[in-house]
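*Asks:* Residues per chain, in single letters:
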Amino acid sequence: MFPKQLENILLKVQKPGRYTGGELNSVIKDKEKVDIRFAFCFPDTYEIGMSHLGMKILYSLINEREDAWCERVFAPASDMEEQMRSLNVPLYALESGDAIKDFDFVAFTMMYELCYTNILNMLSLAGIPLHSSERDSLSPLVIGGGACACNIEPMAEFFDFVTLGDGEEVTNEVIDLYKIHKRKGSSKKDFLKEAAKIPGVYVPSLYDIEYNGDGTVKAIVPKDGAPEKVTKRTVKNLDTMFAPSSFVVPFVEVVHDRTTVETFRGCIRGCRFCQACFLYRPIREKSPEVVERQCRAIYESTGYDEISLCSLSTSDYTGLEKLLNSMLDWTIPEKVNVALPSLRADNFPEELMKKLASVRRSGLTFAPEAGTQRLRDVINKNITEREVLSTASLAFKGGWSAVKLYFMIGLPTETDEDIEGIANLAQAVVDEYYNNPDKPKGKGVNVSVSVATLVPKPFTPFQWEPMITPDETKEKQAKLLSYIRSRKISVSMHNSNTSFLEGVFSRGDRRLSRVIETAWKAGCKFDSWDDSLKFDVWMQCFEKCGVDPYFYTARKREYDEILPWDHMDYGVTKQFFIKENQKAHKGVTTPCCREKCAGCGAAAINGGECSEIRKSVV
Amino acid sequence: MRSVRVWFKKTGTAIYISHLDMNRCFSRAVVRAKIPLWYTEGFNPKPYLNFLCPLPLGQEGINEPLDIRIEGEISNDEVKSALCAVMPQGIEINRVTDPVMKTAQITSAQYKINLVFGSEGTANEFCVSADEIIKSGRLTAEKRSKKGNKTVNLCEMIKAFAVKADGCHVLTETETATGSSSNLNPDLLLSALFEKIGLEPVSRNISRLCLLNENGTEFC
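Protein chains in written order, with my numbering: chain A, 1 to 618; chain B, 1 to 220.
Any given hint might turn out to be false.
[As the list claims (entries may be wrong)] Derived DSSO-like pairs: lysine-lysine, alpha-carbon spacing no greater than 30 Å straight-line:
id	chain 1	residue 1	chain 2	residue 2
1	A	Lys12	B	Lys80
2	B	Lys146	A	Lys4
3	B	Lys10	A	Lys15
4	A	Lys31	A	Lys236
5	A	Lys29	B	Lys10
6	A	Lys335	A	Lys189
In short, the hints are calculated from the structure, not lab data. As the structure is a prediction and not an experimental result, all values here were calculated from the model.
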């Protein structure tokens, strides 16, 4: 539902179906009969947010509770925001149409740093004071979660607390605790002190940060009994873990409009740039029977014609063949497409590829990430050119004629030769196509190369590395384009300014809160959208606040520097990251977890358990 | 393989669902309903759906036809009850029948339009003026088409028009040309009237009651 005042303006905005609610499987409850109102906010548009698996999981999980009602909230597009502001309609939740300022929880999921201004904008649209310190009453509590929670310092002033790691258990624990305090009429301060005792809950206001003269962190001091280190939450058993049996089915087209089921969490590969790999360790697999059952349930309740098996590296799932062999038995006759994102080039059986292509042929993507073997060794992307080419060849034989290749620039130790290597590898794929006698008849090949800029992230072996500047990025991008000779290769590159801002906030500290607020006041929002990023305004805001953005990106950090996120514990140890960083600079690879346990330390926070350790013992 | 005609009602928040989205919505609904479907042949098999006369965004439809192709033994009533169980809020299934007429036989549609004005005075003024204009037989507007814009006389596409004021409300019942050869969207008629009279309502509700053929018989 939507507020009545909007009735006359909905036809004046783009895609009104994003603002009306009423989608299939959306949960409507009697608000008189619930104790807890929970607004699950996604700080981007409906199309992006409705593709987000985490939201679907927690939406169903909270709504399983009789005492709570979880509703969805998205960032309205500019035209809608204008209408809402002019009619004084505060940000509302899609299910009830009620203003979220009266809710108990206003929770944001944060998948990328460039959503921060959208969070402020949504709070302002809701009529909720931005700063945690300005909100005296117990509710609404403004909370967060998602990948960015691992270093929420740039947003520390705005959040009451964030949760680290898997949300399936901690969300209910937080709601239970809140319920007690709401009944008691506790103050927010008292509640937060108690909440900080729940493992995985980080209350920024309970930590004082001291700085050195050079701007680096001197000390992180917990107070009021807050733990010295906040340990992320890890769900031990994915088979018994809560999983949704239905998804809300949007009317308007969203980015990923399909059934998505996780196969495992964590990643065995250990690519040194990849934050997700280390944040979600240890490896925990779901058994194929459970995955299949969950796929079937969601497919039947939604009618989606595509199922996506999701994980960080789907072909590493040990149950994959068993799962597909059983699942394709019903998906093929029912015309359901099975998509496997995040496939690796080196370990995918030909038979399976044929079967998968039997309903609808989806795209084929490889991520060599670097152009030369030397640099791939540095980043520990253990994949060879031969493997890329032979898998591409197999695919061409199977009828594919379009291949997507992902690369990064700005990697540590990178030289011109590595940039040229990107062009060479793309060219080799083109040549592989034309040298293949079994290639599709009468069709040209299309190799699209997507080039991102490395953003060194917390909790990776590259967390100490300097990031290249926007100017260097542009220079390297131009160089790469000059090496491309074939018209069969199309290149798309990430906006250098976007990557730069991402770099600032990824490894930022609390002094950035003021910059973000200033930028939002100056009209910055939807910063991840190239057409709405106001980079000049951002740079002016850094200057106005006396903050040097290059302090966060361009500087090489020493191993003994206190990092702004050092009071977060994601399992993988700092010693491991240091060792990996050193190996990177020597160009030495680390075998994947399945070959040999690298001793990252993540299993310790899971009672010593990791699917891979179990396997190596057996 | 045979075609069945599904008659549905689209009201409430569902009026904000575009035609393209309706297509997606029904292709999922037929899967959820486990109706034995006939799929299009080709690289990208899809269930066959044909909305005979797509409803513009923002308008209600009381009895809209959609043809789907099914395969296997299933009665029209079974199709209806299977679909009824899986539709989202705002879309209801009225009936499922065998298709009798062809799409091309649709020539007009009946509408009920409710306009709410700021005051009784403006409602009355609009009502009187609108009646005069339509009776005069000339109301021109720019009509967009693939070949470019052209000015047309809307009155030539109006088969019936009755208007009355009731307080701040203006209730209009009209029948306008509908179909591939001649088509008048009541949205266009209304905006032409608003412009000519110089009055805008605060809200509007357009409801398509039924589709008719040449002889004025309800399309079936």
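*Asks:* Take the hints in turn and mark each one as holding or not.
*Replies:* Here's how the hints hold up against the structure:
no., hint, in the structure
1, A:Lys12 <-> B:Lys80, "violated, 35 Å"
2, B:Lys146 <-> A:Lys4, "violated, 37 Å"
3, B:Lys10 <-> A:Lys15, "holds, 17 Å"
4, A:Lys31 <-> A:Lys236, "violated, 34 Å"
5, A:Lys29 <-> B:Lys10, "holds, 23 Å"
6, A:Lys335 <-> A:Lys189, "violated, 55 Å"
Going down the numbered hints, you'll see the structure goes against 1, 2, 4 and 6, while the others check out.
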